[in-house]
Amino acid sequence: MATETPAAATGTATSDLYEVLDVERGATQAELRQRYRELALELHPDKNVGQGGDATRFVALQEAWAVLSDEAERRAYDARLQAAEAPAAAAAEIDIDDLAWDGVAKSFVHTCRCSDMVHVTEADLDKGCEIFECPSCSLRIRVVFQVSNDQEDDDERE
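The opening residue of the sequence shown carries number 1 in UniProt numbering; numbering runs sequentially from there.
Keep in mind that the hints were calculated from the coordinates and are not lab data.
Note that beta-carbon positions come from the ideal geometry of N, C-alpha and C, so glycine has one too.
Each statement offered as a hint is correct.
So the derived label-pair ranges between C-beta atoms look like this:
no., residue 1, residue 2, range
1, Arg75, Lys106, 43 to 49 Å
2, Glu122, Thr56, 35 to 41 Å
3, Glu19, His44, 15 to 21 Å
Could you build all of it, start to finish, from the sequences and the hints given here?
In structure tokens form, the structure reads like this:
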């Protein structure tokens with residue numbers, strides 16, 4: 001499983017409130033207010049009936065403004081966003097040779113402390129993923145491996 005997304009860390013439907021307002025993260029309060037007003041006029045359902053008013057986007061805009069317009073809430077949001085984007089820490093490093101191969105799931109598996117299974121697919125490893133999270137608890141493991149061109153490894157798993 002991939003690491004936690006900013007959306008999960010912030011509890012919002014979008015990954016970044018700054019994207020909702022279409023501003024840079026370092027925008028000043030004046031820039032935020034100006035962009036909020038522009039988008040509010042553009043998206044407000046009552047102002048633009050039949051002309052592209054978007055109630056869903058307007059609600060998201062209101063939620064973003066509620067957080068980013070308050071300095072204390074913005075600082076807290078920025079801290080959560082930064083923490084969510086930081087590299088995930090792993091509780092343990094496990095060599096891929098120490099993982100069992102599940103031929104049915106076509107993945108390596110590690111039995112977690114909670115008794116669930118952490119699945120590590122070759123596709124994820126090929127993409128550069130090395131940290132995997134248990135689907136049932138907060139445990140994260142780092143899978144350590146070396147790339148080899150050894151045909152025997154592939155033959156053993158098939």
